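The listed protein sequences correspond, in order, to chains F and Y. For the first sequence, the working numbering assigns the number 1 to the initial residue and increments by one for each residue that follows. For the second sequence, the working numbering assigns the number 1 to the initial residue and increments by one for each residue that follows.
In case anyone wonders, no lab produced these hints; they're calculated from the structure. A few of these clues could be false.
Since the list gives no way to pick out one identical chain from another, each pair is judged satisfied if it fits inside one copy or across any two copies.
Result set (DMTMM-like, lysine to aspartate or glutamate): computed pairs, CA atoms no more than 25 Å apart in a straight line [what the hints assert, rightly or not]:
hint, residue 1, residue 2
1, K41, E256
2, K20, E132
3, K270, D43
4, K13, E132
5, K263, D103
6, K270, E256
7, K263, D40
8, K229, D43
9, K13, E120
10, K263, D251
No experiment lies behind these values; they were computed from the predicted model shown.
2 protein chains.
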Amino acid sequence: MRDVAVIGVGMTKWGELWEKSLRTIFVETALLAVEDAGIDKIDSMYVGCMSSGLFAGQEHIGSLFADYLGRKPVPATRVESACCSGGLALRQGFIEVASGMSDVVLVGGIEKMTDVGGNEATYALGTAADQEYEGFHGLTFPALYAMMAVDHMHRHGTTREQLAMVAVKNHENGSRNPLAQFPFKVTVDMVLKSVLVADPLRILDCSPITDGAAAVILCPADMARKLKKPVVRIAGSGQATDTIALSSRKDLSWMESTHLAAKAALAQAKRKIGDMDLFEVHDCFTIAEIMIIEALGLVKKGQGGKAVEDGLTAAGGKFPVNASGGLKAKGHPVGATGVAQAVEVVEQLRGHAGERQVKGAKRGLTQNMGGTGGSAVVHVFEAE
Amino acid sequence: MRDVAVIGVGMTKWGELWEKSLRTIFVETALLAVEDAGIDKIDSMYVGCMSSGLFAGQEHIGSLFADYLGRKPVPATRVESACCSGGLALRQGFIEVASGMSDVVLVGGIEKMTDVGGNEATYALGTAADQEYEGFHGLTFPALYAMMAVDHMHRHGTTREQLAMVAVKNHENGSRNPLAQFPFKVTVDMVLKSVLVADPLRILDCSPITDGAAAVILCPADMARKLKKPVVRIAGSGQATDTIALSSRKDLSWMESTHLAAKAALAQAKRKIGDMDLFEVHDCFTIAEIMIIEALGLVKKGQGGKAVEDGLTAAGGKFPVNASGGLKAKGHPVGATGVAQAVEVVEQLRGHAGERQVKGAKRGLTQNMGGTGGSAVVHVFEAE
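Could you build the full structure based on these sequences and the hints that come with them?
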C-alpha cells in the first residue's frame with residue numbers, strides 16, 4: 001500500500017442555504033479543494049451523503065456531481081453510513097489511492113437538510129436507527145442519546161452541568177470559525193434553560209440541522225512532495241460497526257465501534273492516542289463527546305464528564321477536542337461532517353487555522369460515527 | 001495490487017417477497033455465499049443498494065446487515081449509484097482486497113421495492129435521474145428510455161420487432177433460471193400486444209419491480225488457490241460516468257459510460273471484447289441491451305437490433321448475452337443487479353449453471369449501469 005496525503009481542502013459557509021441547490025453547494029466546495037490542491041487532474045471521486053433521497057429527492061449523486069463539476073467521465077461513487085458517510089467516503093478514497101488504482105481522488109461530503117420540514121428531517125435522520133425495533137416505536141435520535149445520557153449519569157455520576165460544558169466549550173471554539181453555522185458563545189446557564197428536547201437533553205445539547213459540504217483531495221505522498229505542497233499524510237484509517245439498535249448493547253454508554261476504529265487507525269499509524277495534538281470528534285449531542293473521549297482512550301471510562309469540567313479538552317487544554325466548534329457550533333450536514341473534520345485537521349496541521357490554531361500541532365485524529373455508533377471511522381493525520 | 005478471486009456466491013429466489021424483511025433477505029443470501037466460500041472469516045463488507053431510504057425507510061444498512069449477519073464489528077459500507085450500486089459495491093470490494101487492506105470481503109447487493117405502492121416506487125426510481133431537469137418535469141425512466149429507443153430507431157432503422165426480440169431471448173433464457181422472478185417464455189406477438197408504457201416501450205420491454213439480493217465473497221487469488229476452491233479471478237474493473245441528464249448528451253442512443261468502463265476493464269485484464277465467452281448486461285429496457293452491445297463493441301454502432309434478430313446474442317450464439325434471463329426475466333432489485341450479474345458469471349465459469357450453462361465458458365463480462373447511463377461499471381472475470 002502506498003502512503004497517502006491530503007493536498008487540497010475546501011469548505012464553504014454552513015447554515016440554512018435555501019438560495020443554493022444541492023449541486024451548487026457541492027460544486028462550490030469541491031472547486032475550493034481543487035484550487036487549494038493546485039492541480040487540475042482528478043482520477044476518481046467519492047461522495048459521502050446520508051440521504052439525498054429523503055432530503056432532496058435525488059439519488060445517483062456521484063454521477064450528478066461529476067457531471068456538474070465538469071469531470072465526467074471520471075468514476076464517482078457515493079458512500080452512505082448515516083452520519084458516518086463522510087468519514088467512510090474519505091476511507092474509500094484513501095484505500096483507492098493506497099491501492100495504486102488511482103493517483104488523485106476528490107472526496108466530498110454533503111447534506112442539504114433544510115429544504116424539508118422539521119418532521120420530515122426527523123424522519124429522514126431516524127432512518128439511521130433500526131427502523132423495525134427503534135423507528136417503528138417512535139424513537140428519534142434525541143431520545144436515543146437521552147437514554148445514553150441517563151445511563152452515563154447513573155453509572156458514572158456525570159452531571160447535567162458537565163453535559164452543558166461540552167456545548168459551552170464547542171461554541172467558544174466555534175465563535176472563532178467563520179464558516180460555522182452558529183459562531184456564537186453560550187453559557188452553562190443558557191444551555192440549562194434552553195428548550196427541553198428529550199430529557200435530560202435540551203436544544204443547546206443538540207447539533208443543528210444544516211446544509212453544507214466539505215471536500216479534500218488525496219494523492220500519493222510522493223506526488224505531494226514533488227508538487228512541493230505542505231504534506232499532511234493520512235497515517236491510519238480504522239472502521240468498525242456495532243449493533244445498530246441500542247437495545248442490543250451490553251453497555252448503553254460505551255462507544256465500542258469508536259474504540260475499535262481508533263485502535264485500528266492508531267495501529268496502522270504506529271501511534272498512541274497520547275501522540276495526537278488535536279481531535280475532531282462526532283459531538284452530535286453533548287453526551288456523545290463525553291462518551292467518545294472515553295472510547296478513544298483520552299480518559300478512563302466514566303471520566304469524560306469530569307475531563308470536560310477540568311478543561312482537559314478545551315482549546316488550551318492537554319487534548320484540544322473540536323477546535324472547529326464541532327458539530328454543535330459548526331453545524332452537522334450529516335454526510336459532510338466526516339470530511340469537514342479532515343478539512344479542519346489538515347488546516348490545523350498546516351498551521352492555517354487562524355484564531356483557532358492549536359499551536360505546534362503536528363498530528364491530529366478525526367472520529368466520525370453513524371446513528372448511536374452503529375458505525376464509526378477514525379483517521380490519523382500527520383504533518384511532515 | 002494483488003490478484004482478486006471470487007470464492008463464494010449466493011443468490012435467493014427473486015420476486016415480490018412480502019413475507020420477508022429487508023434484513024432477512026440480505027442475511028439469507030449472504031449466508032449462502034459464506035457457505036459456498038467454505039470459510040468463516042470475513043474482514044469487511046460492502047452493500048450495494050440504491051434507495052433503502054425511499055423504499056424501506058431504512059438507511060445505515062451497512063451497520064444493520066453486519067449486525068444481523070452476526071459479523072459486527074467488521075467494517076461495513078454501503079455504496080449507492082442508482083441501478084449501478086451493486087456493481088460499484090463489487091468494485092469497492094475488489095479495490096479493498098487488491099490494496100491489501102483486507103483479505104476476505106463480502107459484497108452484497110439488495111433492494112426491497114414492493115413494500116411501497118407503484119407511484120412511490122416510480123418516484124424512488126426517478127431519483128436516479130436529474131431531479132431538477134428531468135424528474136421535476138415529470139420524466140420517468142420508461143419515458144427516458146422511450147426517447148432513447150425512438151432516437152435509435154430513427155438513426156439506425158432499429159425496428160419495434162427487434163426490441164421485442166430482446167425480451168423473447170431473455171425470457172427464453174430466464175425460463176431456465178429457477179431463481180428468476182418471471183421464468184416464463186414470451187413471443188414477439190405477446191410483447192407487441194402488451195400494455196403500452198411509454199411509446200414505443202410496452203410492459204414486456206421493461207424490467208420488473210423486484211425484491212431480492214445477491215452476494216459474493218472475494219479474497220486474494222493466492223488464498224483461493226490454497227483453499228483449493230475453483231478460482232475465478234476478477235481480471236479487470238472499469239468505471240465511468242456520463243451526464244446524468246439525457247438532454248446534455250450529444251447522442252441520445254450511445255452509451256458512452258459503458259463504452260469507457262468496458263475499455264478500462266478490458267485494458268486492466270489485458271483482453272479484447274472478443275475474448276469473452278459470455279456477457280451479463282443491464283437490460284433494464286429492451287432498447288438498453290441493444291445500445292449496450294454496441295457500446296461494448298460486440299457489434300458496430302447501430303447494428304444492435306440486427307444482431308439480436310440474427311441470433312448473435314442468443315444462448316447458442318457467438319456472444320451469449322444474459323444467459324441468466326437478464327434484468328428482464330430474472331428481475332431487477334436495483335441495488336442487487338450488479339452483484340447478481342457477478343454471481344451468474346461465476347456460476348457459468350465454474351460450469352455450475354445447469355440448464356443455462358454456456359459450454360466451455362472460461363471468461364465472462366458484466367456490465368451494470370445507473371439511470372440512463374450516468375454511471376456504469378464493467379468487470380471481467382476469468383476462470384483458472
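Checking K270 and E256: alpha-carbon separation at most 25 Å within a copy, between copies, both or neither? within (21 Å within a copy, 45 Å between copies)
At most 25 Å between C-alpha atoms: does K20 with E132 qualify within a copy, between copies, both, or neither? Answer is between: at 13 Å across copies they meet the 25 Å cutoff, but 35 Å inside does not.
Within, between, both or neither, where K270 and D43 count as close if Cα-Cα is 25 Å or less: between (29 Å within a copy, 20 Å between copies)
Go through the copies and call it for K263 and D251: within, between, both or neither, with a Cα cutoff of 25 Å. within (19 Å within a copy, 51 Å between copies)
State whether the alpha carbon distance between K13 and E120 is at most 25 Å within one copy, between copies, both, or neither. Answer is within: at 24 Å inside a copy they meet the 25 Å cutoff, but 34 Å across does not.
Go through the copies and call it for K263 and D103: within, between, both or neither, with a Cα cutoff of 25 Å. Between copies, since 19 Å is at most 25 Å while 27 Å is not.
When no copy is named, should K13 and E132 be tagged within, between, both, or neither for a Cα gap of at most 25 Å? Close across copies (23 Å), not inside one copy (37 Å); limit 25 Å.
How would you label the pair K41, E256 (within, between, both, or neither) given a Cα cut-off of 25 Å? Between copies only: 21 Å across chains, 39 Å inside a chain, cut-off 25 Å.
Give the relationship of K229 and D43 under a CA distance limit of 25 Å: within one copy only, between copies only, both, or neither. within (19 Å within a copy, 35 Å between copies)
Given a CA cutoff of 25 Å, do K263 and D40 count as a within-copy pair, a between-copy pair, both, or neither? between (36 Å within a copy, 23 Å between copies)
Taken one by one, the earlier hints all hold for this structure without exception.
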